[in-house]
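*Asks:* Residues per chain, in single letters:
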Amino acid sequence: MPLSILLPMVVLGIAGIAVLLHLLGLSKPATFQDEAAARRAWLREFPEDTPTRVILSQDRHAALVETPQGPGVVWPMGADTTARYLDGAQIKQTETGLRITLPDYTAPRITLTLDPEEARHWPGLMEARR
Amino acid sequence: MTDQLTYPDVVNFAVPVFIALILIELTWIVLKRRGGRYETYDALTSLVMGAGNVASSILLGFVAYGFFMALWAITPLDLGTSVWVVILCFVLDDLRYYWVHRFGHRIRWVWASHVNHHSSQHYNLTTALRQTWTGTFTFMMLVRAPLILLGFHPAMVLFCGGLNLIYQFWIHTEAITRLPRWFEAVMNTPSHHRVHHGRNARYLDANYAGVFIIWDKMFGTFVPEQDSEKVDYGLVRNLGTFNPIRVAFHEWVGIFRDVIQPGLTWRDRLNYCIQPPGWSHDGSRDTSETIKRKHLAKHPEDANTPGFENLT
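These protein sequence lines are chains S and R, in that order.
Note that our numbering gives residue 57 to position 55 of the first sequence, counting from 1, and the numbers run on in steps of one.
Note that our numbering gives residue 1283 to position 166 of the second sequence, counting from 1, and the numbers run on in steps of one.
Think of the hints as simulated: they come from the structure by calculation, not from any bench.
Please note that a few of the clues may not be correct.
Dumping the calculated BS3-like pairs for lysine-lysine here, alpha-carbon to alpha-carbon at most 27 Å [unchecked claim]:
| # | chain 1 | residue 1 | chain 2 | residue 2 |
| --- | --- | --- | --- | --- |
| 1 | R | Lys1334 | R | Lys1347 |
| 2 | S | Lys30 | R | Lys1347 |
| 3 | S | Lys30 | R | Lys1149 |
| 4 | R | Lys1347 | R | Lys1411 |
| 5 | R | Lys1334 | R | Lys1409 |
| 6 | R | Lys1334 | R | Lys1411 |
With the C-beta cut set under 7 Å, the calculated list includes, among others, these residues of chain R facing chain S [said to hold, decoys possible]:
| # | residue |
| --- | --- |
| 7 | Asn1129 |
| 8 | Glu1156 |
| 9 | Thr1157 |
| 10 | Asp1159 |
| 11 | Leu1164 |
| 12 | Ala1172 |
| 13 | Ser1173 |
| 14 | Gly1337 |
| 15 | Asn1355 |
| 16 | Trp1369 |
| 17 | Val1370 |
| 18 | Phe1373 |
Some chain R residues close to chain S (C-beta under 10 Å, calculated; not the full set) [stated by the list, open to error]:
| # | residue |
| --- | --- |
| 19 | Pro1133 |
| 20 | Leu1161 |
| 21 | Thr1162 |
| 22 | Val1165 |
| 23 | Val1171 |
| 24 | Phe1254 |
| 25 | Gly1357 |
| 26 | Glu1368 |
Idealized CB from N, CA, C, for every residue including glycine.
Modelling step: build the complete structure from the supplied sequences, incorporating the hints.
*Replies:* This is how it looks when you write it as structure tokens:
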């Protein structure tokens, strides 16, 4: 197939499907129903590292997790979730919450939307136990 | 000897069909509220990975094709172009696919290329298009060499490989549960391939087939989908980014960082490239075997059930 046909078809196909999915409301980030759901999401990534404490964000989109191995976060990846420890993390407060930079090529930046009180409180919890 | 032989570029011609089937699957899921899940960023990442795969084939395809034509120039065999030869080529190329795919899960160097196909936590038709950008660097073209040397023309081998990829597109769906028993017995199906995409301990390193599931049954890697255990899709450690560059290259970066660690022997450095994913020189990481063994330690009742055979 000539590139002059293939290229526009691929570009329009990708853009069209992405716009359609968004208009169908399929861009909403995952929400944790409760702390138990956040705990399950953590254990899905680190099945041997049982959390000792789970702090759910006010909007229920993220959770701070404390484990004997150190603190971590669970956060949405689209409609799903992933989790990471905070080893080597640089934590910055932003207008909408926190931006965490990790020395991890597979999760270089975590953007957490938190209310102002959480955004002030969480870095202390993250730092204290590292 | 047949030097000038051309077949249609079937994968590119299938692109509009892929787009149409994605729209049909999406419509089905939205209307019926079952049969799978779609999410914008995940699907967009998969589609961009697919486009990048086509681009890398255009840019780097000459490497494999040149290698195949060099083999074709030296082989004294030419099986011709009859329909029966094409069918035989398709079957043997599917056997080739099984082994390349198995190497892709058991050799980290090859996994580095293949891992992105498993990096979605979704399983829908866009996942099928989440293909590698770095396949050329795995040197798995070598596994096709016997076919060329046996007298199958390189254009025919690549044509059959294209048909194989097209077949595998439609099996990336949750909208189809099970197909007739005779079909499930012989062919790779959505059910069998869902298992392959599972991160559950039970489903790791299973069902490598492309078109015919018989290869897994012959070589002991077949695990049937269990009604009692829903497939959990994605990687053992899921990615925290949708950036296609990071999706495409993250395991290569991981290999590089492991290999340049100070204080390792050369054997350790080599092993970080060729041992199964999860291997580490100090045993601090988990391979699929250790994940399965740890699962059995917690759930001894699963011993000798599908996916946990031959583990003590």
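*Asks:* Could you run down the list of hints and mark each one as holding or not?
*Replies:* Now for the hints, and whether the structure bears them out:
no.: 1; hint: Lys1334/R x Lys1347/R; result: holds, 22 Å
no.: 2; hint: Lys30/S x Lys1347/R; result: holds, 24 Å
no.: 3; hint: Lys30/S x Lys1149/R; result: holds, 20 Å
no.: 4; hint: Lys1347/R x Lys1411/R; result: holds, 19 Å
no.: 5; hint: Lys1334/R x Lys1409/R; result: holds, 20 Å
no.: 6; hint: Lys1334/R x Lys1411/R; result: holds, 25 Å
no.: 7; hint: Asn1129; result: holds, 4 Å
no.: 8; hint: Glu1156; result: holds, 4 Å
no.: 9; hint: Thr1157; result: holds, 4 Å
no.: 10; hint: Asp1159; result: holds, 5 Å
no.: 11; hint: Leu1164; result: holds, 4 Å
no.: 12; hint: Ala1172; result: violated, 9 Å
no.: 13; hint: Ser1173; result: violated, 14 Å
no.: 14; hint: Gly1337; result: violated, 26 Å
no.: 15; hint: Asn1355; result: holds, 4 Å
no.: 16; hint: Trp1369; result: violated, 10 Å
no.: 17; hint: Val1370; result: holds, 5 Å
no.: 18; hint: Phe1373; result: violated, 10 Å
no.: 19; hint: Pro1133; result: holds, 7 Å
no.: 20; hint: Leu1161; result: holds, 5 Å
no.: 21; hint: Thr1162; result: holds, 9 Å
no.: 22; hint: Val1165; result: holds, 7 Å
no.: 23; hint: Val1171; result: holds, 7 Å
no.: 24; hint: Phe1254; result: violated, 18 Å
no.: 25; hint: Gly1357; result: holds, 3 Å
no.: 26; hint: Glu1368; result: holds, 9 Å
The earlier numbered hints that this structure contradicts are 12, 13, 14, 16, 18 and 24.
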